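**Q** Listed here are the chains, written in short residue letters.
Protein chains: 2
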Amino acid sequence: MDASRRSRLCPMESNAYSTAGGQEGGKWDIFIRRLRHGDTRVLARAITLVENEAPEAAAILSACFPHTGAALRIGVTGAPGAGKSTLVDRLARHFLDSGQRVGVVAVDPTSPFTGGAILGDRIRFQERLSGSHGDAGFYFRSMATRGSLGGLALATADVALVLEASGKDIILIETVGVGQDEVEIARLADMVLLVLVPGMGDDVQSLKAGVMEIADLFVINKSDREGADRVEQEIRALQSLAQKHAAWTPPILRTTATTGEGIEALAAAVSKMQRWLGEDGRLAQRRAQHWNRRLHAMLRTELMRSARRNGLGENQFSDYARSIAAGRQDPWQLISQLAQQLLTPRDPA
Amino acid sequence: MDASRRSRLCPMESNAYSTAGGQEGGKWDIFIRRLRHGDTRVLARAITLVENEAPEAAAILSACFPHTGAALRIGVTGAPGAGKSTLVDRLARHFLDSGQRVGVVAVDPTSPFTGGAILGDRIRFQERLSGSHGDAGFYFRSMATRGSLGGLALATADVALVLEASGKDIILIETVGVGQDEVEIARLADMVLLVLVPGMGDDVQSLKAGVMEIADLFVINKSDREGADRVEQEIRALQSLAQKHAAWTPPILRTTATTGEGIEALAAAVSKMQRWLGEDGRLAQRRAQHWNRRLHAMLRTELMRSARRNGLGENQFSDYARSIAAGRQDPWQLISQLAQQLLTPRDPA
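Quick note, the sequences are listed as chains X and F, same order. Mind the numbering: the first sequence is residues 68 to 416 in the working numbering, read in order. Mind the numbering: the second sequence is residues 68 to 416 in the working numbering, read in order.
Careful, some of the hints might be misleading.
Facing chain X, according to a computed beta carbon distance under 10 Å, are these residues of chain F, among others [stated by the list, open to error]: (1) S129; (2) S152; (3) T153; (4) G294; (5) W315; (6) I319; (7) W343; (8) L344; (9) R361; (10) E381; (11) I391; (12) A406.
Computed beta-carbon distance windows for the label pairs [claimed, not checked]: (13) G378/X - W315/F: 50 to 60 Å; (14) A121/F - Q356/X: 38 to 48 Å; (15) D347/X - Q300/F: 25 to 35 Å; (16) T316/F - Q352/X: 47 to 57 Å; (17) G148/F - G105/X: 48 to 58 Å; (18) W315/F - K339/X: 35 to 45 Å.
Stretches of chain F that chain X covers, calculated by requiring three or more beta carbons in the stretch to come under 8 Å of a beta carbon on chain X [claimed, not checked]: (19) 99-105; (20) 252-266; (21) 362-368.
Worth flagging that the hints you see were computed from the coordinates, not collected in a lab. Please read these numbers as outputs of a predicted model, since none were measured by experiment. Note that the Cβ used here is the ideal one computed from N, Cα and C, for glycine as well.
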């Protein structure tokens with residue numbers, strides 16, 4: 068393999084696992100050292116570069132990778148208005164009080180209309196927590212849509228990885244809604260809390276496909292309201308249908324995040340699930356599945372990026388598209404030809 | 068280029084625009100001829116093969132492509148419960164009565180829970196319409212999730228193309244919900260109707276990002292209910308913010324689909340928009356944009372398919388994923404190496 072090409076594509080290749088690199092390696096070494104020593108400005112900058120798919124993103128992620136694997140990543144999803152933000156704040160505070168370092172990624176694939184409000188609230192919260200626990204103990208980051216939604220799930224996982232490398236023990240990944248996009252994001256966590264509220268009644272059944280299935284723990288928040296029993300019954304009814312073969316029956320917890328009621332018990336349930344995941348290689352298996360999905364998305368992205376590098380730029384795409392729209396070119400024929408031109412023939416049989 | 072490889076990848080390549088092909092070409096010629104002569108069984112089979120990404124899919128789509136471009140594709144989206152199905156049925160009937168042939172694709176990216184009910188209703192509707200208008204005049208197809216949701220938008224566009232090649236003048240593409248997935252689907256149509264209902268009030272503002280922007284016509288259905296004026300005001304308020312530069316201000320129509328009230332006026336608005344699209348190359352430009360998005364998705368899919376053909380199968384992905392989850396392999400390094408192995412080096416500078 069051509070060495071210059073190799074290093075162009077992956078500058079961190081020879082340095083990801085060592086500190087013996089040259090100038091470029093040295094640059095990332097210092098970066099990572101400062102990141103791991105709790106430098107919040109370096110952390111914020113690394114996340115921004117990764118989130119924006121900057122040219123340095125792959126090198127940063129590669130450099131972060133050896134410092135990950137020990138943290139627990141918890142996905143928190145559920146219908147809007149279920150009180151997820153408050154719940155996540157309470158959980159974060161609980162973990163902080165027990166001496167753990169916590170990172171929060173809040174993902175909003177919806178509208179800029181709502182994004183502002185959330186950010187405002189949460190920055191105040193972050194300041195409050197940072198004040199009492201020190202910079203290294205807590206970090207909050209809000210993310211909005213990046214390109215396609217598959218891209219957002221990937222970006223969220225990348226940001227979580229950087230947070231983890233910065234020394235966090237717990238990463239909370241919170242989504243605003245509960246659609247297919249949010250399911251994709253939550254599935255990249257080690258465990259998923261699905262937050263429901265009383266009054267949903269039959270609506271539990273109308274949750275999008277795949278949502279009930281990803282829940283490792285059900286949380287009925289605002290459980291001081293009327294109808295908590297009803298929601299619990301609905302969940303149990305669906306569980307009896309769907310969870311026949313599962314080795315883990317997701318427990319149902321009740322909380323009132325605004326008062327902190329039930330947070331202790333929820334944290335205990337999280338710990339129990341964490342122990343269960345640690346047994347019989349379950350966590351390793353789950354993470355291998357995550358990486359499998361992620362590798363597919365990463366390869367898709369990288370192949371398209373390479374196609375662009377090989378001259379298949381946006382102008383070229385536009386020309387083809389115009390020609391197809393005018394009926395002058397067959398798109399399936401074109402794609403097959405482009406793929407052949409781009410790919411090395413290795414199996415000419 | 069190796070001829071056998073070429074024909075393996077795209078069997079229709081030499082026959083898409085001619086009838087001078089060999090045995091394989093002849094097969095598709097007959098297929099297409101029967102499709103265009105209104106053979107509903109051939110149409111149903113073609114759609115199934117395309118929807119399931121059968122090996123024949125690209126050949127079928129290639130064969131269909133020359134017979135497309137004249138039909139109008141109308142996307143219909145909006146919140147669940149807005150009465151979209153009834154509205155689409157009414158519109159279909161209106162177009163049929165005016166002598167046009169109509170195809171309907173109803174897409175449900177949500178749950179199997181709801182899919183059944185919709186299918187049941189609509190099959191009855193299809194029988195009713197088919198009975199009074201003959202097989203060739205109307206065709207209804209329901210689709211559910213295929214793989215990723217990007218995949219579903221692509222599959223919907225493919226199915227619409229086959230429907231169009233079968234001789235339909237109008238293709239109605241109806242989505243069940245109004246999330247990001249549905250936006251992607253609707254964006255592949257020539258024009259988009261966004262269906263709202265009275266009582267949404269402030270909720271109009273909470274529609275996901277990108278939904279208001281894709282609307283070419285707003286339909287306030289169930290407009291006999293209280294609150295229609297309010298919804299219209301909300302839409303106008305948002306329009307005054309967002310539509311500053313648009314050459315087309317989406318009109319707001321009121322319907323009561325259950326009684327048929329307002330359908331005539333809606334159809335007239337659709338015709339007006341169609342005429343507007345026909346001017347100054349607007350339709351061609353819009354379709355070129357659609358094909359641009361679609362080409363990106365098609366190339367991504369084809370590159371991954373080729374990667375699989377080149378030995379990067381699911382087992383290989385699983386092995387890599389396990390090794391990464393165990394911290395033994397750097398994923399960014401791996402992806403960069405895989406991409407290099409797969410792609411022909413053309414720019415070694």
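**Q** The structure should be examined with respect to each hint, and the outcome stated for every one.
**A** Quick rundown of the hints versus the structure:
1. S129: holds, 5 Å
2. S152: violated, 16 Å
3. T153: violated, 19 Å
4. G294: Since the shortest Cβ distance to chain X is 21 Å, the answer is violated.
5. W315: Cβ of W315/F sits 19 Å from chain X, so the hint is violated.
6. I319: violated, 20 Å
7. W343: For W343/F, the interface hint is violated, since the closest Cβ of chain X sits about 17 Å away, which is over 10 Å.
8. L344: violated, 13 Å
9. R361: holds, 7 Å
10. E381: holds, 8 Å
11. I391: holds, 5 Å
12. A406: Hint holds; A406/F Cβ to chain X Cβ min 4 Å, cut 10 Å.
13. G378/X - W315/F: 50 to 60 Å: violated, 36 Å
14. A121/F - Q356/X: 38 to 48 Å: Once the Cβ atoms are compared, 27 Å apart, the range 38 to 48 Å for Q356/X and A121/F is violated.
15. D347/X - Q300/F: 25 to 35 Å: violated, 60 Å
16. T316/F - Q352/X: 47 to 57 Å: holds, 55 Å
17. G148/F - G105/X: 48 to 58 Å: Between G148/F and G105/X, where Cβ atoms are some 50 Å apart, the hint holds.
18. W315/F - K339/X: 35 to 45 Å: violated, 58 Å
19. 99-105: violated (count 0)
20. 252-266: violated (count 0)
21. 362-368: The restraint on the segment 362-368 of chain F holds, since 5 of its residues have a Cβ under 8 Å from chain X and three suffice.
The structure fails to meet hints 2, 3, 4, 5, 6, 7, 8, 13, 14, 15, 18, 19 and 20 from the earlier list, while all remaining hints are met.
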